[in-house]
Amino acid sequence: MNKSENMASSAQGRQLRTMDIVNRGLARRYRAERRFKRFGLSAILLSLAFLAVLFISIFANGYTAFQQTFIQLEVFLDPLKIDKEDLGSANYQGLVRESLAKTFPAVKNRADKRKLYGMVSSGASFDLRKFVQKNRHEIGNTIRIWVPADDDVDMLIKGHILRDVPESERRMDDTQIAWVDHFQHQLRIKQEFNMTFFTGGDSREPELAGIWGAVCGSLYTLLVTLCLSFPIGVATAIYLEEFAPTNRWTDVVEVNINNLAAVPSIVFGLLGLAVFLNFFGLPRSAPLVGGLVLTLMTLPTIIIAGRASLKSVPPSIREAALGIGASKTQMVAHHVLPLAMPGMLTGTIIGMAQALGETAPLLMIGMVAFIVDIPGGFTDPATVLPVQIFLWADSPERAFLEKTSAAIMVLLLFLVIMNGLAVVLRKKFERRW
Amino acid sequence: MKKVLIAVFALTLGVVFGLGTGIGFASSSRDYISIVGSSTVYPFATVVAEKFGKITAFKTPKIESTGSGGGHKLFGSGVGVQYPDITNSSRRIKKSELEKAMANGVKEIVEVKIGYDGIVIANSKKGPSFQLTRKDLFLALAKNVPTGDEAGKLTPNPYKTWKEVNALLPDVKIEVLGPPPTSGTRDAFVELAMEGGADEIDWIKALAKTDKKAYQALCQTIREDGAYIEAGENDNLIVQKLSANPAALGIFGFSYLDQNTDKIQGSLVDGVSPTFEAIADGSYPVSRPLYFYVKKVHVQTIPGMKEFLAEFTSEKAWGEEGYLTDKGLIPMPEAERKLFKENVATLKPLSLGDL
Amino acid sequence: MRLLKVSKMQTVMDKGGNGGPPMPLKKMRKELVPRKERATIGQFEVENPRMSCRNVDVYYNHGEKKAINNINLDIGRNEVIAMIGPSGCGKSTFLRCLNRMNDTIDGCRVTGTITIDNKNIYGKDVDVVPLRAQVGMVFQKPNPFPKSIYDNIAYGPKIHGLVQNRDETDGLVEQSLRRAGLWKEVKDRLDQPGTGLSGGQQQRLCIARTIAVNPEVILMDEPCSALDPIATAIIEDLIDELKQDYAIAIVTHSMQQASRVSQRTAYFHLGDLIEVGPTDQIFLNPLHQLTEDYITGRFG
Ligand SMILES: Nc1ncnc2c1ncn2[C@@H]1O[C@H](COP(=O)(O)OP(=O)(O)O)[C@@H](O)[C@H]1O
Ligand SMILES: [Mg+2]
Numbered sequence: 001m002n003k004s005e006n007m008a009s010s011a012q013g014r015q016l017r018t019m020d021i022v023n024r025g026l027a028r029r030y031r032a033e034r035r036f037k038r039f040g041l042s043a044i045l046l047s048l049a050f051l052a053v054l055f056i057s058i059f060a061n062g063y064t065a066f067q068q069t070f071i072q073l074e075v076f077l078d079p080l081k082i083d084k085e086d087l088g089s090a091n092y093q094g095l096v097r098e099s100l101a102k103t104f105p106a107v108k109n110r111a112d113k114r115k116l117y118g119m120v121s122s123g124a125s126f127d128l129r130k131f132v133q134k135n136r137h138e139i140g141n142t143i144r145i146w147v148p149a150d151d152d153v154d155m156l157i158k159g160h161i162l163r164d165v166p167e168s169e170r171r172m173d174d175t176q177i178a179w180v181d182h183f184q185h186q187l188r189i190k191q192e193f194n195m196t197f198f199t200g201g202d203s204r205e206p207e208l209a210g211i212w213g214a215v216c217g218s219l220y221t222l223l224v225t226l227c228l229s230f231p232i233g234v235a236t237a238i239y240l241e242e243f244a245p246t247n248r249w250t251d252v253v254e255v256n257i258n259n260l261a262a263v264p265s266i267v268f269g270l271l272g273l274a275v276f277l278n279f280f281g282l283p284r285s286a287p288l289v290g291g292l293v294l295t296l297m298t299l300p301t302i303i304i305a306g307r308a309s310l311k312s313v314p315p316s317i318r319e320a321a322l323g324i325g326a327s328k329t330q331m332v333a334h335h336v337l338p339l340a341m342p343g344m345l346t347g348t349i350i351g352m353a354q355a356l357g358e359t360a361p362l363l364m365i366g367m368v369a370f371i372v373d374i375p376g377g378f379t380d381p382a383t384v385l386p387v388q389i390f391l392w393a394d395s396p397e398r399a400f401l402e403k404t405s406a407a408i409m410v411l412l413l414f415l416v417i418m419n420g421l422a423v424v425l426r427k428k429f430e431r432r433w
Numbered sequence: 001m002k003k004v005l006i007a008v009f010a011l012t013l014g015v016v017f018g019l020g021t022g023i024g025f026a027s028s029s030r031d032y033i034s035i036v037g038s039s040t041v042y043p044f045a046t047v048v049a050e051k052f053g054k055i056t057a058f059k060t061p062k063i064e065s066t067g068s069g070g071g072h073k074l075f076g077s078g079v080g081v082q083y084p085d086i087t088n089s090s091r092r093i094k095k096s097e098l099e100k101a102m103a104n105g106v107k108e109i110v111e112v113k114i115g116y117d118g119i120v121i122a123n124s125k126k127g128p129s130f131q132l133t134r135k136d137l138f139l140a141l142a143k144n145v146p147t148g149d150e151a152g153k154l155t156p157n158p159y160k161t162w163k164e165v166n167a168l169l170p171d172v173k174i175e176v177l178g179p180p181p182t183s184g185t186r187d188a189f190v191e192l193a194m195e196g197g198a199d200e201i202d203w204i205k206a207l208a209k210t211d212k213k214a215y216q217a218l219c220q221t222i223r224e225d226g227a228y229i230e231a232g233e234n235d236n237l238i239v240q241k242l243s244a245n246p247a248a249l250g251i252f253g254f255s256y257l258d259q260n261t262d263k264i265q266g267s268l269v270d271g272v273s274p275t276f277e278a279i280a281d282g283s284y285p286v287s288r289p290l291y292f293y294v295k296k297v298h299v300q301t302i303p304g305m306k307e308f309l310a311e312f313t314s315e316k317a318w319g320e321e322g323y324l325t326d327k328g329l330i331p332m333p334e335a336e337r338k339l340f341k342e343n344v345a346t347l348k349p350l351s352l353g354d355l
Numbered sequence: 001m002r003l004l005k006v007s008k009m010q011t012v013m014d015k016g017g018n019g020g021p022p023m024p025l026k027k028m029r030k031e032l033v034p035r036k037e038r039a040t041i042g043q044f045e046v047e048n049p050r051m052s053c054r055n056v057d058v059y060y061n062h063g064e065k066k067a068i069n070n071i072n073l074d075i076g077r078n079e080v081i082a083m084i085g086p087s088g089c090g091k092s093t094f095l096r097c098l099n100r101m102n103d104t105i106d107g108c109r110v111t112g113t114i115t116i117d118n119k120n121i122y123g124k125d126v127d128v129v130p131l132r133a134q135v136g137m138v139f140q141k142p143n144p145f146p147k148s149i150y151d152n153i154a155y156g157p158k159i160h161g162l163v164q165n166r167d168e169t170d171g172l173v174e175q176s177l178r179r180a181g182l183w184k185e186v187k188d189r190l191d192q193p194g195t196g197l198s199g200g201q202q203q204r205l206c207i208a209r210t211i212a213v214n215p216e217v218i219l220m221d222e223p224c225s226a227l228d229p230i231a232t233a234i235i236e237d238l239i240d241e242l243k244q245d246y247a248i249a250i251v252t253h254s255m256q257q258a259s260r261v262s263q264r265t266a267y268f269h270l271g272d273l274i275e276v277g278p279t280d281q282i283f284l285n286p287l288h289q290l291t292e293d294y295i296t297g298r299f300g
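Residue numbers (my numbering), protein chains in the order written: chain A, 1 to 433; chain B, 1 to 355; chain C, 1 to 300.
The shape of chain A in the complex, shown without the other chains:
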């Protein structure tokens, strides 16, 4: 009786204790879980906040670059000054200046005249020339034409030059501001979408500078990179993963590929300089060479991603294929590769995105350069988007600040598109097994 009671109570005691222990631990476990969740959440929030700050500051600095200030000029197309046989060679700059001088006849002194002529962009004369070449019947008439304003005027209109600071501390003095006000009063100043920014090449005049040249350069470069690194990378990954024997040599190769992935990109630039330029004699500053160098840089990424995705293909699929008599090549081509493709494509696109943002290796092969003409092929001198950003960021003119931010926006847009593409491709080709 006593004994059995004891036993019962001790059994109960043990049971209670277990429960107690579990319960006590439970609270702690949940606490740890909540803590971990909070850490994770705050980490994400923090990085999102940084991202937001980055985007907002870039956007705030850059959105004005998509607008451009134009001034309307009244130009007398003097038939005496324009040779109808040779429309291109007339002194259009003179005509533009004449028009400005007529608008402000009071300006006499040389220094002031210089300032006055500086109100419109030096690109104005080219716009005028284009107009005349298109409308030769207008010769002899007085025409009204919108031309881009000088970057200082643009900055004033956009509020980057403040009117209320003392004159001596302003980029534009009171007379210049008065001229701008005069134009504004006559409704001869307008802001319009800045088409030049998307269609033009680089320029030292902020109001004429565009990113199309850099975009083309980036496209050519990346096309070369893609067309070389994807097939080579995929073939290498397949060979190493599926065919190569595991011996010391393949170990060495593997270690080296992993090392290459970590090599600073400038080293690839030096390699490119030594091999492609000095040894093969390829042209400097060419997207072809840029693409080759970036291929060297992205190959390890693609190979590593490719091998990882080949590894992740379940062995049962390989056995199934081999088991009914597929050869190794058939097994890889028909079954393994299609399953590994999404991962490989993702790796490739990530590699491409990396390549798109790269400047350091391009420095060595001459792609960090001032290039005005839009590249038309793989051997034309070209620069790329991040280099364009770097060059603009380094320019003294204030107006390049907003161009820099705008170019960063364009670059980010490309990156977002590429990463989005990676997701879409993955979704499209992904299969369950």
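No incorrect hints appear here.
Below, in silico cross-link-like pairs of lysine-lysine (PhoX-like), each with a Cα-Cα straight-line distance of 25 Å or less:
no., chain 1, residue 1, chain 2, residue 2
1, B, Lys125, B, Lys241
2, B, Lys125, A, Lys158
3, B, Lys54, A, Lys113
4, C, Lys158, A, Lys328
If you're looking for bench data, these hints aren't it; they were derived computationally from the structure.
Add chains B and C with the ligands to chain A, keeping to what the hints say.
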């Protein structure tokens, strides 16, 4: 999937083919001018190149910003389309560079001085204005400075504030943002400001004659205890940092001061303010000449070279009211402009003896 | 648990000892081959074998580990031979020797001779591709290709060039699915992924895929271990039917299954083939102590 793969492989073939033509390119010609060199001259050369590209039928020259030293190295590597035609330089070509170029077959090089660049020492308008001397700069920034009157005695730079350097200066911590040693601006600053300042101390000036190495080490070594902050090659960045930190001074090219007069002020050096006029007439002491160098044989072979040189040396470009002055170039006196224009017209080559 | 079993056995033996007709179990027990004896007991040879293995050793990890040891075994025509034994005793390893699937494992080496119709499959001039078409394999985990049901079946015949046109392929797909007893269930959704079928259906799809290339031998490595009893029963019926045309070697963990489907049974233990003989005899009158231990559930 298959189609995508086939397309990619076709493109690969295309690229390989392109490589072939690219290699073929090496032996063929180049129809644009290739320019390398100093990042200080870059803003000026690019303006000329752009104008030239627009008003002539030639392609716009390609300009790489490689730094003066890098430019000379590329330029002096040889003759042929794969080598640049022109190199910009924010200092005169060194004898060793010229010798190397000649050894590589670049026998005839035309030297063209294009104007001057002032190096300004500036700070935020919110801060006090500085009236510096070159000696102040030397004492504030050298790694080792002479103390007392005893000749030859050096101690690690003890100065913490400008007032300690010179009682007339404000009582502000010494904090200078400047370019790294790879920059031409740094070379020029060290040579013009620091050496100039050091020369005001007699025994150091004498040292220049007896022990050139020790002299240079003394004048050209900038302190590394945090008072001088290497702010990278990007002068815009220095300007931005100056507005954020009114106590700091910055060292950069005149055009950046010119563009940012609303935010920053240039310090007087030896009583002269860094204005356009003062640099042009040579009264501002920290200014340097800017050059470019042309391969004579390329003038015949590369289309547009003659015209480009003519544009660069025209009055409307480098003259007193030329468009380069708008970009901050300080023009040469008229006589000097005439001399170099003539050199360009006759393509007078530089000889080792000239250096 | 074990105690219980032994005592039960004890009762059986006691019964035998109490006079009456001698129980076969008891009689055998006296003559059982001791545990430490490792030479194969029983008739491992058959007349006119389809496949025949002699002195087969398999090493893994570049010879570091010997997985099976001196196996001699014949596989007859139109018979089902079951291979049983505790986990890790080398059944799968041996099975995979028969169509050289071990070749795909790095560092695996097979010695000895294995012949199919008197031709050494490890000979220098032998191509594994036709060999594997001749000796098909069904795996433990159903592993259909992540393709449509139709493509799963058609793939093998296509790569081997067994079919010339769409009609032939259609016919072969239907025939294979019918023989695997899957046709009725999937005939309306041949274009849907094979991975969308249930486990039992998937395994039958894999069998259909194997028989579509019309092999001579089918190797099955625990084909029912992941299936429920109903699916298992269907597949067992299928095996029974298939033995009309094929020699089948099946690895199984279920002794009931072995006794239901096989004519001969081979018992493996730690890499050795301990005993082989007619299935009835192995289960009722094992000759080796280890075999008896295993089938009476003393371990395994
Ligand atoms: N790929 C392999 N590499 C190394 N050892 C292996 C490999 N596959 C099987 N083995 C070993 O060989 C022995 C036999 O394995 P296996 O044939 O799979 O046994 P089972 O009879 O359970 O099918 C086991 O000890 C196992 O650990
Ligand atoms: Mg097994």
